[in-house]
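Going down the list, the protein sequences come from chains G, Y and E.
Under this note's numbering, the first residue of the first sequence carries the number 1, and numbering increases by one thereafter.
Under this note's numbering, the first residue of the second sequence carries the number 1, and numbering increases by one thereafter.
Under this note's numbering, the first residue of the third sequence carries the number 1, and numbering increases by one thereafter.
It is worth saying that the hints were derived from the structure and are not from the lab.
Computed from a predicted model, the values in this text were never measured in an experiment.
Treat the hints with care, since some could be wrong.
As the list claims (entries may be wrong) - Chain E is faced by these chain Y residues, among others (derived, beta-carbon under 10 Å):
id: 1; residue: LEU24
id: 2; residue: GLN27
id: 3; residue: ALA51
id: 4; residue: ALA57
Stated by the list, open to error - Okay, derived cross-link-like pairs now, DSS-like style, lysine-lysine, Cα gap no bigger than 27 Å in a straight line:
id: 5; chain 1: G; residue 1: LYS483; chain 2: G; residue 2: LYS468
id: 6; chain 1: G; residue 1: LYS464; chain 2: Y; residue 2: LYS112
id: 7; chain 1: G; residue 1: LYS440; chain 2: Y; residue 2: LYS112
id: 8; chain 1: G; residue 1: LYS457; chain 2: Y; residue 2: LYS92
id: 9; chain 1: E; residue 1: LYS33; chain 2: G; residue 2: LYS435
id: 10; chain 1: G; residue 1: LYS435; chain 2: Y; residue 2: LYS92
id: 11; chain 1: G; residue 1: LYS440; chain 2: G; residue 2: LYS464
id: 12; chain 1: G; residue 1: LYS51; chain 2: G; residue 2: LYS125
id: 13; chain 1: G; residue 1: LYS440; chain 2: Y; residue 2: LYS92
id: 14; chain 1: G; residue 1: LYS462; chain 2: Y; residue 2: LYS112
id: 15; chain 1: G; residue 1: LYS468; chain 2: G; residue 2: LYS485
id: 16; chain 1: E; residue 1: LYS33; chain 2: E; residue 2: LYS168
id: 17; chain 1: G; residue 1: LYS428; chain 2: Y; residue 2: LYS92
For every residue, glycine included, the Cβ atom is placed at its ideal position computed from N, Cα and C.
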Amino acid sequence: MNSSPFSIKPVKGGVYITPQKQQILQRGIQTLQLQKRLFFPLTDQRGQRRKPTVDHNSLVLKGQQIAISSNRQSVPIHAASSGIVKYSEIDNPQQLIIETDDKHLTVDYFPVNNPLQTSPRQLIKYVEQAGVTGMGGAGFPAHLKLQAALQQPPTTLILNAVECDPYTACDSALLLDNLDWVFDGASIIKHISGATRCIIAIEDHQTEILKQLQRKAAQSDKCFEVIAVPTKYPSGSEQQLVESLTGQTINSTQTALNVGVICFNIATVIAIYRAITVGEPVVQRIVTVSGPSILQPSNILVAIGTPISKLIEACGNFNKNITPIIGGVMMGQTTSISNAAILKETYSLWMPELEIDPAQPQPCIRCGDCAFVCPSHLQPQSLYRLAEAQQWNQLQQDETLPNCIECGACDLVCPSHIPLTQAFVQAKQHINTIKQSQHKAQHARQRYLARQERLEKLATLKQKNINKRKKPGGVHDIINRIKNKVDNNTDS
Amino acid sequence: MLFASCGGLLGYLAQRLNKQSGQLVDQIDRLLPQTQCAQCGYPGCRPYAQAIANGQADINQCPPGGQQTIAALAQLLGADSTPLNTQFGETKPDQVAIITESQCIGCTLCIKACPVNAILGASQQMHTVIEQECTGCELCIAPCPVDCINMVPVASSQYE
Amino acid sequence: MKDALLIIVSAALVNNFVLMKFLGLCPFMGVSKQQNAALGMGLATTFVLVLASLSSTLLNQYLLIPFGLGYLRTIVFIVVIAALVQLTEILLRHSSPLLHKSLGIYLPLITTNCAVLGLVLLSTHTRYNWLESIIYGFGAALGFALVLTLFANLRERLETADVPQPFKGVPIALITAGLMSVAFMGFSGLIPH
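Bound-form chain G, shown alone (with noise of 0.2 Å):
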């Protein structure tokens, strides 16, 4: 590792691959021309639902919005071109398609004109209405992380250009065309954020950018401190880099706010930065397509909403029956969706060689090398005996599994191939249903003591209703007294 001022030592766990991304930033950043048809779900990666703001059938221009959330938990999603707009199905559409024309018409935009002197809520209102998410793949709405900012300033911003899944390199290739965008865009974020510190990390093996991005800190007047982080998977996760940064661990609950530190990717910062200086919407991005079934492996300029697989015609596929891995090649997954589209947080396609066939995991040897590449320091050796033993109670006892990234280490390590990280992901999902019926429970369980409680209530105060009518003086009194003259006199 280098000993320059700026690096740092690795994170704990994790493991040394060695990056693929030469090739890739050779070949520059090359444009998709603008495909017949584009895509867009209306449910967001977290299960928000959107509803469309433009009729089935209607001209858009480039930039206008055409989905909005109805609670503000979700960013609205904007046309990719102009064209008309068809649903997916009439009555609650799933998707909206634009059958694009190209006339390449665009909406006005309207952009802020003295950014560090407009108040953060402002600002934080146009970066909502341009639909910003996170584009390092998690897809969280920026907006969100901005206002949870305002109510707990953070002391330091970091910059996460490390990207550390080793055939991806949009966030390089973006960063070395957009220096001036990056740095400006980072000094909105502090005055909106309150942050004072601003870090700028990325991989050591990237010596180009380094140096570039090392000059134009030292001639910036404000203060920015770039750092060269040790190339190890997965540093570029956001728990790992504040770690390693700050030397803060976060866990499950909670988020890098509550250690005084915020965290966006470079992609991210730049969708910001647009949306607040020119008032552009997100509406394109660049995709790495690579893989060992791709013939020409390059940086993609796209619009939001290309369907994948015009991505992976144009860099080459020569191997037509592979079903593609949308994410990186650590943390990609494979979808089931047909027609699957450009989202704002797809950052990579990746083609593997065979059709994956998952070889036949043999038993455990408790080598323990899982736990030495965890970059969460967990046991996944432990995890997956009380997973596959379906000891859920155990498990959430535990409580370390929600601490997995699912980066998907562990299961490069495991000499007898266990898919260790699928196992996590299901035993999140049983614990995740465990807890909500418990809660349910609960609630029920409130709901029927406070039913007793009335029915209680009204029991005694039906009971000092009948008290009340056998007092002296009641009817029933009067009543008594009548029938004992009526007996005196019929007696004597």
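Using the hints, position chains Y and E against chain G.
This is chains Y and E only, laid out in the frame that chain G set:
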């Protein structure tokens, strides 16, 4: 004589310290699904928890809780995890009650039967089940004089 | 001080009551299914053993031998142990009803735990005074609790391990206990005789 005095002392201590603490019953009750359906043979979840604490009932008598609840109880009490005793019923997938509104006569018998007040309505007014609050205990089905309540499966995932 | 350490190490490790003398196997097998129950049992037995050791030494020295009632030894010791176990049960039910429930029948069975009776009978052969007998009881109980906890942890692991069908449950547990016993034999090299 020495032993007689020991015995006396022990008896006295047993009297003094023998307050029936509800702590164990609470811990057991927290693991039960709170449907208050009485399928276990006890009139509610807390009486069943009490019976388990007293050693009168077995831990595998709760059908809505299913194997998950049995496993949790087994772990809490250090007992063996046994399969559900089907004499008390079968574990059904998540379900809610639904009232066929055209047949409802507004008698309020189901409202009175629901242990969590999940049925909205009043005398001679339409009755309807609040889906989020319904636990699927089926206690409303029997009292309905016109048989207009049915159970339908819910889309949520099960943990079995 | 050195003597005390010697007594503890000897009672806990070298002459471990469970794995070397093979006493107290009933709670060893019965309570070791769960870690917290095992620890609770270990602590309860420690309480009983220390007090039993002290009281039996005193009774033996000042009551039985001077009056020549040596033949009553077994009966007297059993009654003392039973009283102590009853006391433990009352205290445990008051402080932790959950532990009391999970120990179940094994709590009263400490009375018939041959490790306890074995300890008090064996200590009559030693020349320990009352302080040393407390330390001896404590050392023995420490060894018992240690082995019980270790074994409980191993059994929890065995629950989810891929054990062949004929060995599942008690058989593999007994084999594990045997291997632990062999391991503990190594401690006999601690004290040069």
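Hints, verified against the model:
1. LEU24: 4 Å, holds
2. GLN27: Holds - the Cβ of GLN27 (chain Y) comes within 10 Å of chain E, reaching about 6 Å at its closest.
3. ALA51: 13 Å, violated
4. ALA57: Hint violated; ALA57 (chain Y) Cβ to chain E Cβ min 13 Å, cut 10 Å.
5. G:LYS483 / G:LYS468: 21 Å, holds
6. G:LYS464 / Y:LYS112: 22 Å, holds
7. G:LYS440 / Y:LYS112: 21 Å, holds
8. G:LYS457 / Y:LYS92: Violated, at about 35 Å.
9. E:LYS33 / G:LYS435: 26 Å, holds
10. G:LYS435 / Y:LYS92: 19 Å, holds
11. G:LYS440 / G:LYS464: 36 Å, violated
12. G:LYS51 / G:LYS125: Between LYS51 (chain G) and LYS125 (chain G) the Cα gap is close to 19 Å, so the pair holds against 27 Å.
13. G:LYS440 / Y:LYS92: At roughly 17 Å apart (the allowed maximum being 27 Å), LYS92 (chain Y) and LYS440 (chain G) satisfy the hint.
14. G:LYS462 / Y:LYS112: 17 Å, holds
15. G:LYS468 / G:LYS485: 24 Å, holds
16. E:LYS33 / E:LYS168: Holds - the C-alpha atoms of LYS168 (chain E) and LYS33 (chain E) are around 13 Å apart, at most 27 Å.
17. G:LYS428 / Y:LYS92: Cα-Cα ~23 Å, so holds.
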